[in-house]
Amino acid sequence: MAENVHNTSAHDPADHGHHGHHILSAKLLLTVFFSLVGLTIFTVGLGLLEQNEIVHLGAFSVPVALAIAGVKATLVAMFFMALKYDNKVNLLAFSLSIVFLVVFFVFTFLDTGFRGSFDDFSATPIDQTQLEELRLQERNDAILPDFEAQPLLLQGDTALIDPTP
Amino acid sequence: MSTTTAAAPVRTQSAPAPKHPPGHEPVHNYLLEPGPSPDVRGLARVWPTVKAWVTTVDHKRIGVMYLFAVSFFFAVAGIAALLVRAELMNPGSDFLTADEYNRMFTLHGVMMVFLFIVPSIPGSLGNFVLPIMLGVKDVAFPKLNLASFYVFIAGASIAVYAILSGGIDTGWTFYTPYSDETNTAVLPMTMAVFVAGFASILTGINFIVTIHKMRAPGLTWNRLPLFIWALYAVSIVQVLATPVVGITMILLAMERLLNIGIFDPALGGDPVLFQHFFWFYSHPAVYIMILPAFGVISELMGTFSRQKVFGYRAIALSSVAIAMLGFLVWGHHMFVSGQSPLSSIVFSLITFLIGVPSGIKVLNWVWTMYRGSVWLTTPMLYALSFLFLFTIGGLTGIMVGTLAVDVHLHDTYFVVAHFHYVMMGGTVMAMIGGLFYWWPKMFGRMMSETWGRISAGVVFFGFNMTFFTQFILGSQGMPRRYFTYLPEYHDLHQVSTIGSWFLGLGLLLVLGNMIWSLFKGKPAPGNPWGAATLEWTHATSPPDHHNFHRTPLVTHGPYDYGVLFSGDGYSGDGAGGDGSGGDGSRGPAPIPNPELGAPQEMEKSIDLGLAQPKPSRD
Ligand code: HEM
Ligand SMILES: [Cu+2]
Numbered sequence: 010m011a012e013n014v015h016n017t018s019a020h021d022p023a024d025h026g027h028h029g030h031h032i033l034s035a036k037l038l039l040t041v042f043f044s045l046v047g048l049t050i051f052t053v054g055l056g057l058l059e060q061n062e063i064v065h066l067g068a069f070s071v072p073v074a075l076a077i078a079g080v081k082a083t084l085v086a087m088f089f090m091a092l093k094y095d096n097k098v099n100l101l102a103f104s105l106s107i108v109f110l111v112v113f114f115v116f117t118f119l120d121t122g123f124r125g126s127f128d129d130f131s132a133t134p135i136d137q138t139q140l141e142e143l144r145l146q147e148r149n150d151a152i153l154p155d156f157e158a159q160p161l162l163l164q165g166d167t168a169l170i171d172p173t174p
Numbered sequence: 006m007s008t009t010t011a012a013a014p015v016r017t018q019s020a021p022a023p024k025h026p027p028g029h030e031p032v033h034n035y036l037l038e039p040g041p042s043p044d045v046r047g048l049a050r051v052w053p054t055v056k057a058w059v060t061t062v063d064h065k066r067i068g069v070m071y072l073f074a075v076s077f078f079f080a081v082a083g084i085a086a087l088l089v090r091a092e093l094m095n096p097g098s099d100f101l102t103a104d105e106y107n108r109m110f111t112l113h114g115v116m117m118v119f120l121f122i123v124p125s126i127p128g129s130l131g132n133f134v135l136p137i138m139l140g141v142k143d144v145a146f147p148k149l150n151l152a153s154f155y156v157f158i159a160g161a162s163i164a165v166y167a168i169l170s171g172g173i174d175t176g177w178t179f180y181t182p183y184s185d186e187t188n189t190a191v192l193p194m195t196m197a198v199f200v201a202g203f204a205s206i207l208t209g210i211n212f213i214v215t216i217h218k219m220r221a222p223g224l225t226w227n228r229l230p231l232f233i234w235a236l237y238a239v240s241i242v243q244v245l246a247t248p249v250v251g252i253t254m255i256l257l258a259m260e261r262l263l264n265i266g267i268f269d270p271a272l273g274g275d276p277v278l279f280q281h282f283f284w285f286y287s288h289p290a291v292y293i294m295i296l297p298a299f300g301v302i303s304e305l306m307g308t309f310s311r312q313k314v315f316g317y318r319a320i321a322l323s324s325v326a327i328a329m330l331g332f333l334v335w336g337h338h339m340f341v342s343g344q345s346p347l348s349s350i351v352f353s354l355i356t357f358l359i360g361v362p363s364g365i366k367v368l369n370w371v372w373t374m375y376r377g378s379v380w381l382t383t384p385m386l387y388a389l390s391f392l393f394l395f396t397i398g399g400l401t402g403i404m405v406g407t408l409a410v411d412v413h414l415h416d417t418y419f420v421v422a423h424f425h426y427v428m429m430g431g432t433v434m435a436m437i438g439g440l441f442y443w444w445p446k447m448f449g450r451m452m453s454e455t456w457g458r459i460s461a462g463v464v465f466f467g468f469n470m471t472f473f474t475q476f477i478l479g480s481q482g483m484p485r486r487y488f489t490y491l492p493e494y495h496d497l498h499q500v501s502t503i504g505s506w507f508l509g510l511g512l513l514l515v516l517g518n519m520i521w522s523l524f525k526g527k528p529a530p531g532n533p534w535g536a537a538t539l540e541w542t543h544a545t546s547p548p549d550h551h552n553f554h555r556t557p558l559v560t561h562g563p564y565d566y567g568v569l570f571s572g573d574g575y576s577g578d579g580a581g582g583d584g585s586g587g588d589g590s591r592g593p594a595p596i597p598n599p600e601l602g603a604p605q606e607m608e609k610s611i612d613l614g615l616a617q618p619k620p621s622r623d
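Note that the protein sequences, when read in sequence, are chains A and B.
Just remember that the working numbering sits 9 ahead of the position in the first sequence, which is counted from 1.
Just remember that the working numbering sits 5 ahead of the position in the second sequence, which is counted from 1.
Calculated directly from the structure, the hints in this document are not laboratory data.
From the three backbone atoms N, C-alpha and C, an ideal C-beta is built for every residue, glycine too.
Any given hint could turn out to be false.
Just a sample of chain B residues kept apart from chain A, beta carbon distances all over 10 Å, derived [to be verified]:
hint : residue
1    : 165
2    : 263
3    : 281
4    : 343
5    : 346
6    : 376
7    : 380
8    : 500
Simulated pairs of lysine-lysine, DSSO-like, Cα-Cα distance not exceeding 27 Å [claimed, not checked]:
hint : chain 1 : residue 1 : chain 2 : residue 2
9    : A       : 97        : A       : 81
10   : A       : 97        : B       : 218
11   : A       : 93        : B       : 218
12   : A       : 93        : A       : 81
13   : A       : 81        : A       : 36
14   : A       : 93        : A       : 36
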């Protein structure tokens, strides 16, 4: 609230108290550091194993790599960025930015993952429809003579019609 | 006596009890103070005045400087538009070659979008009004605010450099692969966009923090003026989306400079990915452009219908809904880009959804006028223009958002007409309406009502003549960004070009009116329109350097106009204490005489004994 309309700079040092940094023990920091290093080595190792076809992850290769990277990023955010001990609003802002990134990725992969699949979405592919139309036309042409109407009277009956005007 | 250019002295002790009765303190007109003292005369005033302005951290002055800057770019880009239209008067080359034509419409688009419309309402009206509406002295980070202005100017200067060094011919969308290949000034122009983007981000952060942390006592979220709600929503979008356009421009620069394959298929990139990046920013950016306009219109509709804005919460929350949903529809710009049909279908569906919150707003505004006493001042005429034009623009948006229809209409004049109806018919109309509305507050002078109304008519007529024809042209197949066309389009193109002259004339009338009012306008009272938000009820016209002498105490909703006119200043209806709901029992509030103004509520404030003592010289 802005009670201090005219008071531009008076900052009460006392109300800074609870913003202070949470001090993490060296042990915790080192643990996190070595877990990060460990995870990195794990990623690289996994990559090598895959390359030499010892481990087969197939389609899961990228998701697994991303998952490990995600764990690492979480560790960094929680401890090095101290979000774990910070005001929860900051955690919210951070998470929202992740959600935001996910939205961008998901929708973009919705495109790149399904490119060129136009035919799958049309009830009948357009070229098939055209082909079918062509076939019908040919069949039509082929059977047309059979359906040619035969005149019932080949010659006019002169007896019935008086030729003289 | 030396000049007093520095900001007001910082007080460390509480001041002696005020010597003036509430509401009658001497006013330090922010336009003049701080500045040279009155005994400095003639040319000697120039430098101290300029210095006081360019180094100011006063949100009001920054708002005014933004207003000048964006008006300048609006004028330049507008002239480019008139040239584009003039060239299209006849098929073939009249006075621009095909190449020059491409540069001209790109110049128009880039300037209008990145240098005018994005910063327009938040930078000028927002900066000026937001802190006063919240009842505070300034935004949360005044220096950051000034920095945002200079970052904007830096971006604009780079843009000017890009234009002078040959211009750019890609269109405002910078689509790859063409923007990778053309040897026009793509790099400087994208740098300009990158830099100007930061100005948006800084403003957004400033607004969010100010709204969250600094509201005057009594100003609950339910009593926030809808303009503030809109600026809040838009700030979120700015902070979230603008970095993406920055990244996109950096990626494009990396590709051009370092030959890293990102968008260029020759290097293994994906050109459609550029469109994803670009529209991931630029569709939310169209809401950056329109949401502040929604806020302005809500203020105008309430004040000039003389009753509570109908559906206060629905309007407030639909701004937020638009801000969120706006992030999920960008693919509707890419229906024919080769994007996968699955995403086209999904994007088309979500595009339909976004029509819902927009529709909610329009219906609520219409309902606000119902049974009100609609007061057809110039700002209201512009607000009504907005209502017509934005509705056309929004509905044609749904049309082009329809997957099958857009396959035909994409990249035709129909799309051009659609976005001009929303951007110009929407945002620009709202901005002009807002300027007419807040002008007395900003400069302490009334504008001419007669000429204001005439200008509203001419602009409305010229606008429709220019752009309605383009709907027809587009539906007949006229492609956009072509400098020549088939003979069957000739007539409509001519109508459109002549319309653009009316539009230009109307806008000149607005400009003339403003300049006239600065010198000849009648002095404005504190509350000419009888509005109920803090900038009208608690501040002088023009406001004091510190906005308020004492912190205002908010005791009613932003649209409780009747309260101002009831004898003791408070109607006592406990239920109507926030912005929501109409009460139905009372009729609309009386219409004041704008030259005399409506009652203010200066006495409703909290005196902390911090008021400025009377300066020695007055
Ligand atoms: C109901 C809301 C809206 C919907 C459903 C909508 C939908 C669309 C769609 C589908 C397109 C792509 C058409 C095409 O290129 O084939 C489009 C283009 C565009 N819209 Fe909207 N729109 C809406 C509101 C707005 C607003 C409020 C603005 C700006 C203030 C805006 C500005 C634009 C611009 C600038 C383009 C053209 C971009 C370009 O290709 O240069 N739209 N709109
Ligand atoms: Cu869009």
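How the hints compare with the structure:
1. The Cβ of residue 165(B) lies farther than 10 Å from every Cβ of chain A, with a closest approach of about 32 Å, so its non-interface assignment holds.
2. Once the 10 Å rule is applied to beta carbons, residue 263(B) is consistent with being away from chain A; the minimum gap is 23 Å.
3. For residue 281(B), the shortest C-beta to C-beta distance to chain A comes to about 5 Å, within the 10 Å cut-off, and the non-interface label is violated.
4. Against chain A, the non-interface label of residue 343(B) is violated: not every CB pair exceeds 10 Å, the least being about 7 Å.
5. The beta carbon of residue 346(B) is not kept farther than 10 Å from every beta carbon of chain A, the shortest such distance being approximately 4 Å.
6. At roughly 37 Å from the closest C-beta of chain A, the C-beta of residue 376(B) stays outside 10 Å, upholding its exclusion from the interface.
7. With a minimum CB-CB distance of about 32 Å to chain A, residue 380(B) clears the 10 Å threshold, and the non-interface call stands.
8. For residue 500(B), the shortest C-beta to C-beta distance to chain A comes to about 38 Å, beyond the 10 Å cut-off, and the non-interface label holds.
9. For the given pair, residue 97(A) sits about 20 Å from residue 81(A) by alpha-carbon distance, which is consistent with the 27 Å threshold.
10. At roughly 17 Å between alpha-carbon atoms, residue 97(A) and residue 218(B) fall within 27 Å of each other, so this suggested pair holds.
11. Restraint check for residue 93(A) and residue 218(B): satisfied, since their Cα atoms lie roughly 23 Å apart, inside the 27 Å limit.
12. Proximity of residue 93(A) to residue 81(A) is assessed by CA-CA distance (about 14 Å); at most 27 Å being required, the pair is judged to hold.
13. Proposed proximity of residue 81(A) and residue 36(A) is supported: the alpha carbons are some 18 Å apart, at most 27 Å.
14. Proximity of residue 93(A) to residue 36(A) is assessed by CA-CA distance (about 17 Å); at most 27 Å being required, the pair is judged to hold.
Violated hints for the displayed structure, listed by number in ascending order: 3, 4 and 5.
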